[in-house]
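Enquirer: Given these sequences and hints, build the entire structure.
Spelled out, the chains give:
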Amino acid sequence: MLGFPILTLLTFIPVLGMIVVLLLPNDRAKEIKYTSLLATGLQVVLAIVLMMNYNFNAGGVYDESSFQFIEKFRWIEIPGISWLGTVKIDYFLGVDGLSTPMVLLTAIISFIATLSSWNISNSVKGYFALFLLLDTGMMGVFVALDFFLFYVFWELMLLPMYFLIGIWGGPRKEYAAIKFFIYTLFGSVFMLLVMIGLYFSAQETLVDGSKVFTFNLLALMDQSNYTADGILSPFNPNNIRFIAYIALFAGFAIKIPMFPFHTWLPDAHVEAPTPISVILAGVLLKMGTYGILRISYPIFPEITRDLMWYIALFGMINIIYGALCAMAQKDFKKLIAYSSVSHMGYVLLGMASLSTTGINGAILQMFNHGTITAMLFLIVGVIYDRSHTRGLDDFGGLATQMPVYTGFVTIAFFAAIGLPGLSGWVSEALVFVGAFGVDIIRVLTMISALGILLGAAYMLWTLQRIFLGKLNEKWNQLADLDKREYAMLVPLAVIIIFLGIYPSAMLDIMNTSVNSLVDFLSNGSANFTLSGL
Amino acid sequence: MQEITFLQLSITVLFLPLLSFLIVILYGKKFPKLYLLETGSIILGFALSVLLMIFKISQQLNNTLSFNMTWIDFGNVPMLGHLKIELGIMLDNVTVLMLFVVYLISMLVHIFSLEYMRGDRLYNRYFAYLGLFTFSMLGIVLTDNLLMMYIFWELVGLSSYLLIGFWYEKKSASDAGKKAFIVNRVGDIGFFLGILIIFSAYNTFSFAKVFEQIGMGVLPFDSGAWLTAAGILIFMGAVGKSAQFPLHVWLPDAMEGPTPVSALIHAATMVAAGVYLVTRVFVMLTADAMLIIAVVGAFTSFVAATIALTQNDIKKVLAYSTVSQLGYMIMSLGVGAYAFAFFHLVTHAFFKACLFLGSGSVIHAMHHEQDIRNMGGLRKKLPITYLTFLISTLAISGVPLTSGFLSKDGILAGTLAFGSLTGHWLIPAFGFIVALMTAFYMFRLVIVTFHGVPKNKEKFDHAHESPFVMVMPLVVLSALSLFIWYTPLPHAPDAGWFISDWVKTPQTVVPENLRFDFMKSSAPGEINGEVVHSASYTEALHHAHYPAMALSLIVAGLGILLAFLMYQWKKIDPDLVAGKVKPLYDFSLNKWYIDEFYDAAVIKFTLKFSGFLAWFDNTIIDGIVNVSAVITRLASKIVDLFDIYIVDGFVNFSAFISGFIGLSFRRMQTGKVQTYLVFVVFSILILLIIINPF
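As you go down the protein sequences, you meet chains V and R in turn.
When the letters of the first sequence are read in order and numbered with the numbering used here, they come out as residues 1 to 533.
When the letters of the second sequence are read in order and numbered with the numbering used here, they come out as residues 1 to 694.
Hint data in this document are derived by calculation from the structure and do not stem from the laboratory.
Just to be clear, a hint being listed does not mean it is correct.
Stated by the list, open to error - Mimicking SDA-like on lysine to any residue, the simulated pairs with C-alpha atoms at most 25 Å apart in a straight line are: (1) V:LYS330 - R:ASN626; (2) R:LYS504 - R:THR538; (3) R:LYS504 - R:GLU539; (4) V:LYS483 - V:GLN401; (5) R:LYS504 - R:GLN60; (6) R:LYS30 - V:THR410; (7) V:LYS173 - R:ILE624; (8) R:LYS84 - V:SER504; (9) R:LYS455 - R:GLY377; (10) V:LYS173 - R:ASN618; (11) R:LYS316 - R:GLY557; (12) V:LYS173 - R:GLY623.
Claimed, not checked - If you only want the chain V side, here are some residues facing chain R, beta carbon under 10 Å, derived: (13) ASN57; (14) ILE182; (15) LEU324; (16) GLY407; (17) TRP425; (18) PHE432; (19) VAL438; (20) SER522.
Built from N, CA and C at the ideal position, the CB exists for glycine as well.
Expert: Here's what the structure looks like:
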């Protein structure tokens with residue numbers, strides 16, 4: 001353990017940065033940018049420090065003692081208000097193998113998105129202040145272990161995102177921003193209801209022996225904490241845990257985004273500025289799947305077991321449907337957006353397997369999709385900055401004009417296609433290994449394998465349309481990558497290649513926790529069987 | 001040599017080309033001479049692989065050396081126990097022979113390309129890609145497990161994609177590269193699912209461990225059908241890579257790549273990877289799986305041979321002949337003639353590489369003319385090319401004294417034996433018909449290209465024999481197409497070291513009830529199930545040897561004679577024959593219309609369907625979202641109106657009422673005490689009347 005509260009620092013350094021940004025005068029654009037770069041850079045350094053001090057053998061998931069870098073303080077305390085009883089809410093942070101990869105991902109993607117924001121020219125101050133606030137919200141979601149705190153961070157990230165799309169976006173930015181906002185808020189309402197339902201169903205025993213209602217996620221995973229008559233208590237024969245599960249799942253599914261809740265994504269991506277697309281695809285989408293693993297799975301293990309076939313089904317739909325929709329797109333950015341839908345389907349499929357290989361694959365896929373898709377959106381940004389068009393048929397032969405750029409594109413595209421040796425393949429393969437091993441979802445897995453064919457088809461077709469063939473003379477002025485663009489693309493390419501060759505670097509972090517989770521879902525939670533249905 | 005030295009050497013041999021690929025791709029622009037480094041590393045690798053082969057065969061002939069390491073460790077997994085994924089390499093005789101073949105041809109192609117590709121804008125990058133390919137191919141050869149096989153399998157696909165589309169500015173080239181990759185992926189899905197079945201059942205990818213467990217009677221999901229399925233699915237990978245029907249369509253298109261690439265990748269090595277894969281999993285193939293493999297192979301060789309009869313592009317003829325010969329190898333594995341399949345892989349690699357490089361030499365001399373109808377008489381201008389091309393043609397046609405005679409004869413004998421034991425006579429029938437067609441179309445190619453009179457005088461006059469670096473590889477490869485390297489007796493392959501000592505058919509691990517009858521240990525003469533093929537198969541093979549040889553000599557001679565009659569001596573007019581069987585001729589010329597079928601049934605359909613889904617997504621799914629937004633807005637409008645007129649109306653009304661009442665009572669507030677007194681008195685009176693206490 002470290003001598004300083006590393007998770008709090010990780011989470012709130014961007015807020016410090018934001019305060020500095022707000023204090024700077026509006027015309028000091030350069031200072032504002034460097035402040036943001038410094039804040040996100042520090043975050044990366046801290047994430048690396050965290051990884052270096054990480055204990056690979058600690059399970060976490062449901063066991064507080066094996067969580068790492070824990071910070072736990074009483075945050076809100078309201079003594080005895082009539083029937084509510086004493087309200088006690090903790091500021092409770094900690095990481096395990098499920099969240100550490102996401103913390104790393106958030107730090108890396110935020111840093112690269114800051115670099116990618118360098119060209120923002122109108123209201124720089126507002127942009128970076130909101131950007132940094134967004135960063136805090138995202139990081140907070142991944143380190144919070146208290147449902148209330150989790151919810152606060154979840155909502156915190158929503159507002160800056162709304163403005164970042166709505167102000168700095170493309171032609172239909174207002175529509176896209178409001179769609180994103182309302183859609184996510186719609187999901188949050190469900191989450192809020194379930195959260196309150198859980199609060200009144202479980203009681204935590206304090207040090208002094210008294211019992212209070214709790215938002216503590218780990219306490220909610222322990223069935224001995226549930227009251228006899230709580231609405232979401234497994235001991236209550238009339239509980240509505242099934243409905244709550246669906247509601248909570250829907251809230252997370254919107255973020256993933258899972259079919260049929262995915263249509264906000266293409267709009268948001270097409271309208272959002274490049275760095276925001278990078279954040280959106282790189283980090284935000286993972287919150288949905290992370291939330292399911294962190295909250296839905298261990299709190300409702302018995303319903304998870306009942307519904308695994310359906311989760312796999314939606315995973316399969318995402319994979320195939322997303323890929324086919326991507327194939328029909330004419331807009332480069334929209335195509336990448338739909339490819340995200342397809343690739344997040346693998347995460348769902350891996351999670352549905354409830355097996356070590358499958359869930360490891362799912363989390364690794366979350367990380368890999370974060371880096372690969374971030375790179376893809378940066379690539380779209382590079383070409384859009386230069387040509388101000390994203391039409392797939394407007395280009396041709398750029399390989400001759402921009403060979404280095406084309407090299408990076410090839411790496412990113414083949415990573416997305418799932419070429420062995422690059423990171424995307426490892427996670428996809430593990431997802432398939434895990435899902436195929438489970439009898440009831442084997443057929444769905446076999447159908448999902450079509451996704452790797454469709455992925456190759458639309459990606460290579462795109463590569464051909466933009467980069468191969470004779471150079472379209474209209475673009476013979478386009479410059480190859482500049483230094484800043486190198487700085488954004490090289491780290492991602494290195495990560496993609498490194499994790500393709502040596503995936504254990506990431507898998508070792510998550511593996512112990514995944515084993516704990518799998519064990520918990522199958523054995524440790526055996527008493528969670530009094531399903532309300 | 002120590003065992004560890006073997007493994008270190010083979011790892012060096014494996015990574016050498018990768019290293020030079022990385023150096024050349026990163027610094028190739030700055031240092032235009034880097035291609036020499038890449039070529040040098042291949043020459044060095046070749047020398048090492050020769051060493052490896054010599055030492056392996058002289059010192060460790062019957063041993064299998066292997067080395068592996070943990071790649072991913074899942075620790076103690078609930079319900080499964082300790083689970084890990086290992087990668088590793090394995091050296092047996094087949095491996096070292098393949099290493100030698102791959103390195104030799106790769107080296108010769110490098111040398112050939114030095115001249116052939118001279119002046120290309122991306123000269124360095126071309127050599128870098130060749131290095132990447134060599135690395136990937138060596139990975140396939142060296143692997144000891146299915147997962148690593150799949151990894152390098154895909155990497156080979158990548159390098160093939162890059163090299164087919166090397167001249168990416170040509171639409172046809174980038175189309176061909178894309179087609180190759182996607183068609184291969186179809187097969188790879190099957191391959192991958194097959195691997196998944198294996199891993200789900202045995203929790204390991206290692207060949208040795210999987211076979212050991214199958215040998216102990218452990219079946220995937222406790223069912224022989226799943227074992228058959230695993231075999232067939234893994235074979236699907238070979239169907240893609242080795243261009244078997246119905247996935248063979250990418251190979252002829254792949255000829256868009258530079259010709260030396262066609263020689264290396266699309267004739268000698270990569271396309272043989274599928275055959276190599278089947279040899280690796282040969283021992284776990286059930287009777288059903290083998291029969292399907294045999295049928296696919298036989299049918300493929302037939303389809304491709306019929307197409308090759310009528311093609312006019314020199315490279316297309318060779319491409320279809322490659323497909324046809326690969327079909328032979330696959331068929332051979334299907335009927336159980338394991339050693340001959342691998343033997344044919346090796347001999348074919350040499351003579352087909354020679355043919356392709358020879359065609360490269362012709363194309364080079366003719367200034368990128370590929371249509372044989374514009375050639376003719378070239379033997380005078382290109383004497384060495386002609387001679388080497390002729391030797392290789394004799395080999396592929398199965399003429400005695402060549403290597404092709406030995407291996408083809410073995411395969412045909414294998415099919416005959418199979419036919420006699422199982423009654424599947426159609427397979428040998430296909431085999432011999434294909435032999436006839438092969439001899440015919442290959443000699444047609446030779447005669448039309450090199451004999452007769454020049455059709456294009458201008459190009460002919462400019463043609464001249466290629467320089468030394470291009471001719472030398474041809475000479476080496478054609479020399480290797482002679483029998484002497486493989487056996488001292490030109491009519492008996494089993495008398496030689498290749499078949500009798502180096503490559504032996506491994507022992508099957510499939511449970512008895514899933515084998516062919518003649519492979520069961522109860523079959524006559526069988527000793528404790530120790531050998532893959534029962535004595536009855538060996539006996540049948542022995543009996544089939546001379547009939548097969550006689551028959552194959554007859555059909556080869558017939559094919560050659562027919563070619564001479566039609567094209568050299570012009571006794572039969574080819575156009576007349578074509579006119580007589582017009583529908584068949586068109587069918588062959590248009591490649592059985594398979595591409596057209598795929599275009600209409602698969603590609604168009606997929607695109608239409610994807611277009612429909614995109615519309616559905618945009619209009620219906622997103623439409624629901626937008627409609628619910630509209631409904632919400634409408635509802636809010638209604639609520640708003642309700643609020644304004646009803647709720648607020650009520651509020652306003654009450655306000656109005658109170659105002660009205662207030663207004664009416666205001667008059668009473670006169671401020672005069674007298675008036676108030678009167679009100680008080682009247683009120684009391686009224687109250688009294690109402691209450692009426694009296």
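Enquirer: For the pair supplied as a hint, LYS173 (chain V) and ILE624 (chain R), is the alpha-carbon distance within the 25 Å limit?
Expert: holds (20 Å)
Enquirer: When the nearest CB of chain R is found for VAL438 (chain V), is that gap smaller than 10 Å?
Expert: holds (9 Å)
Enquirer: Against the 25 Å threshold, does the CA-CA distance of LYS504 (chain R) and GLU539 (chain R) hold or violate the hint?
Expert: Holds: LYS504 (chain R) and GLU539 (chain R) sit about 17 Å apart, inside 25 Å.
Enquirer: Should the interface hint for ASN57 (chain V) be scored as holding, given a Cβ-Cβ cut-off of 10 Å against chain R?
Expert: holds (9 Å)
Enquirer: Would the pair LYS84 (chain R) and SER504 (chain V) pass a check requiring their Cα atoms to be no farther apart than 25 Å?
Expert: holds (11 Å)
Enquirer: If you draw a straight line from the CA of LYS173 (chain V) to the CA of ASN618 (chain R), is it 25 Å or shorter?
Expert: Given that 25 Å is the threshold and the Cα spacing comes to 17 Å, the pair holds.
Enquirer: Do the alpha carbons of LYS504 (chain R) and THR538 (chain R) lie within 25 Å of each other, as the hint requires?
Expert: Cα-Cα ~13 Å, so holds.
Enquirer: Regarding the pair LYS455 (chain R) and GLY377 (chain R), is the alpha-carbon distance no greater than 25 Å?
Expert: Holds: LYS455 (chain R) and GLY377 (chain R) sit about 8 Å apart, inside 25 Å.
Enquirer: Has the given pair, LYS316 (chain R) with GLY557 (chain R), been kept, meaning a C-alpha gap of at most 25 Å?
Expert: holds (24 Å)
Enquirer: Holds or violated: ILE182 (chain V) as interface residue toward chain R, Cβ cutoff 10 Å?
Expert: holds (7 Å)
Enquirer: Do the numbers back the hint for PHE432 (chain V), that is, is its least Cβ distance to chain R under 10 Å?
Expert: Hint holds; PHE432 (chain V) Cβ to chain R Cβ min 6 Å, cut 10 Å.
Enquirer: Is the interface hint for TRP425 (chain V) satisfied, with its Cβ closer than 10 Å to some Cβ of chain R?
Expert: holds (8 Å)
Hint violations for this structure: none, all hints satisfied.
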